[in-house]
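Residue numbers for the sequence shown follow numbering that gives the first Met the number 0, so the first one is 0 and each next one is one higher.
Hints in this document: simulated from the structure, not taken from any laboratory. This one's a predicted model, so the numbers in the text were calculated from it and none came from an experiment. Check each hint, because a few of them may be wrong.
[What the hints assert, rightly or not] Derived CB-CB ranges, DEER-like:
| id | residue 1 | residue 2 | range |
| --- | --- | --- | --- |
| 1 | Asn306 | Glu700 | 38 to 48 Å |
| 2 | Ser50 | Thr680 | 52 to 62 Å |
| 3 | Lys249 | Tyr63 | 17 to 27 Å |
| 4 | Ser569 | Asn669 | 43 to 53 Å |
| 5 | Arg590 | Ser292 | 46 to 56 Å |
| 6 | His248 | Tyr513 | 20 to 30 Å |
| 7 | Pro289 | Gly122 | 41 to 51 Å |
| 8 | Lys682 | Pro289 | 30 to 40 Å |
| 9 | Leu501 | Pro383 | 29 to 39 Å |
| 10 | Asn442 | Cys544 | 20 to 30 Å |
All C-beta atoms, glycine included, are put in the ideal place defined by N, C-alpha and C.
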Amino acid sequence: MAVSDDEVMQFLQRNTRGPWPTASKLADLKSNTHHCELLFRLVICRNIILSATHKIRAMETASYCGTRISILVLDDTRKNVARLVPIYCYKIRALASAFEKCLEYVIRSPEDGWESRLVSESGKVTLDCLSMLSQLGLAASVEDISNTWFSAVLVLDTSILSYVGAHLEHFDGRMHGQVVLPSMGTRPSQHFPMPSSRSHNSVFQDAQSQWTGVQITSFQRGNSRWGSAPTRIVFEKRSFSCLDDFLHHKTAWVCRNRPIDGGKLVESFGGQPSLFLSTDAESFADIWGPMWSSHHKDHPDQIVHYNVGNGMILPWEESGKSEKSQEKTRQSERLGDIREEKLCHWISDTDAQEESNLLGAAWIYLSPGDRLLIGAGQKLEVNPSCKTSSATVKELLRDIGVLHRAGTIKKTRYRESETVQTQVGWSGIGIGIQANYKIRERNWKEVIIETWKNDPRRRVPRILEFWLGVEVSMCTRNARRQRLIILLGSDTMQTYLKSLSLEWADPQCEIEFYAALSNPDYTAFRTLWDSHVDWRSDLGAAIGCCLDALATTGGIDGDLQALWVPEAASECIVTLSRHEHSWTQFLKDTRDSCTLAVFNVTCLQHPGIPKKNFASSCQSSRFTSQSRLELLPLKSQSSLQDADPLEGRTLLETSIIINKEYLPNGISLNTYHRRDGSAGTYKQCWNVKTLALRQDFGFGEKGILEVIHTLGSTRVLTWWKFSSVHWMFKGKASCKHHHEFMGDEELDTRPLEVVIQSKSKVQNYKLLAQTSPREGAGTPTGSPLASIREGPSSVEEMQASSADGYDHSPSGRR
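Let the hints inform the model, and build the full structure from the sequences given.
Structure representation (structure tokens):
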């Protein structure tokens, strides 16, 4: 039979000399008060862990949990990794039993020498609590044993609360981003109120409520992330890489130790990075399932992927030996987990329709016992937490002279004609020359726009599904090729269309039109076009208005012009200079390539680029809600991995068709197949794992792409260059060059995905995050653009930054 609170109170009254003090001060109590308070605190912790076991029993009765629950714990041996740790219900009951046995042994044994029995038995409880916290990867105080008890029981109790809400729901309905676990304090008798006029149960309840909200202090020792600095245990809301759509953009509760400096919590500057999730399939399915495994048709023991929610978890190929992989051994030794950990990526069913999104996991399979490290990704991804302000960006672009009204032309002077005159006289022959240049050219973009506008009978909606568009991120200036119909559904184009006075014969046609543009299925508009012949005139006119607005965008004189409509009736053209974004010269309009560009509010980041390459990342993550608009100083660290993300090289993500008569060294063809072993859309695919660095891919008048790094076996990181010497030997008119994939042809070989990085390491504009100014904060001094660096870096600087070789650098991840 459990020891009751009344039984404990009667025991304390018998063994405390003198009457109960009216004030809970150490000076008013007798010599054995320290042991009385220790016993008192033991009862409080016993009651909390008993309450936890009652909750577990209720959950088991309701079939809400099985033999275990789980908790998300930040891994202190690796950066930005959280582990989903199972907590077996029998261990919670065993800890509660340890508390109960300790109390029973002290209270129900002869009262002589009860203090020594308390110290001896409570030491065993302390070891059990330390073992529990150690299994979870959390630190605890060894200076104050009651805080060790309190840490263990509160972590377990809070874990149950978090588990009930799938680690996603807020605890009390309020939008707290962090919960600090309470503490008993370190001084005896500070919370030892026992007035005799109160009932015994209310005394324990009052004492327990007094400790609520006090920060828990613990001391982490040994070789750890925080060294020997004091820490405290908190639950905080964090986001996960590539699982954001799966979790419906909700953040999850993650438990961690946070350091304390001078009694204050050490806050990390800027936004918290997204986390990788280390888990096994069973634990993941228990909290966020159901989940099914899909096996290879010829090898049943190989798992192709896990189907879960509205997508699937795929194994993913690592680009070199990652930092997380290098620390795997140390983590296994500490946690006693020796299972193989496989890098994985969650992808939605919509994205899985594009086979190119699945190839990153080709030739890699999972086994039932593998531990999953979810969070990989080699493609530009939207960052939904970006807080960049359109108004601030618009003001800045206008100030630096790269924003002007759509349809306007800068005042220029050009040569219009050329006339040659010859005059013969007594004094000799006189020759005069007057130049007049005319260029006969009609690129693919002109053909597409003119045909759609002027010949309705030749309107083919299939052409809108080609990869003719380029989406430029307003925040990072990173860009990616997009299907034109997806680009027309962007925020910029939707704002533009809704500001026009379009006439619709049928109101339902307008509704279906905007629904098709917003549909992630790129065939939705073609389906609408084919199913409603009577709507084609209105649908074609609306698309024609979009093409009119985009006609002046694309590669112009080496720069990239992109349309931006931040609000109605405010069409603007944003210029990305070739001096800052060298890849813009690759987007030149030719007879077989076309660029229609949009400046959009999406924040595009690339988690797969090595950190040493300084890929451009989200600007708003460098500002807090309390900081004013100002440029943050670079950290004075020698490591390139710690460089300030405000300074980076922008990226263009696209695909290319390889000319098999003009192959670089190290590239090879592999038989293409789906991951489940079935036949795919393509017959072959390119393997670039052994592709030699500094190899060139020539694209005729579009320039050359030089390989600087391989991203796994299916993607390459390049930069653009142009060399007149190249064409001196190859011949400018030679057809032996590669082509950018536009999606307008069926191929046997899958196009190769490339990421083109700017040669210039540009310091992005500092007024890219709208934040709330601090009260009384002064106005930043100096010109707002004083620290913006213009123009390309020198070749020597670029060579120095890559002197140690791109082939062995770890692949950066979100």
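Hints versus structure:
A beta carbon spacing of about 46 Å between asparagine 306 and glutamate 700 agrees with the range 38 to 48 Å that was offered as a hint. At about 57 Å, the beta-carbon gap between serine 50 and threonine 680 stays in the expected band of 52 to 62 Å. Between lysine 249 and tyrosine 63 the CB atoms are about 20 Å apart, so this pair conforms to the stated range of 17 to 27 Å. Between serine 569 and asparagine 669 the Cβ separation comes to about 49 Å, which falls inside the hinted range of 43 to 53 Å.
At about 49 Å, the beta-carbon gap between arginine 590 and serine 292 stays in the expected band of 46 to 56 Å. Look at histidine 248 against tyrosine 513: about 23 Å separates their beta carbons, and that is inside 20 to 30 Å. For the pair proline 289 and glycine 122, the supplied restraint of 41 to 51 Å holds, since their beta-carbon distance comes to about 44 Å. One distance hint, 30 to 40 Å for the beta-carbon pair lysine 682 and proline 289, holds here, with the actual separation near 36 Å.
The beta-carbon spacing between leucine 501 and proline 383, approximately 30 Å, falls within the hinted interval of 29 to 39 Å. In this structure, asparagine 442 and cysteine 544 meet the distance hint of 20 to 30 Å, their C-beta atoms being roughly 21 Å apart.
The structure fails none of the hints (numbered hints given earlier).
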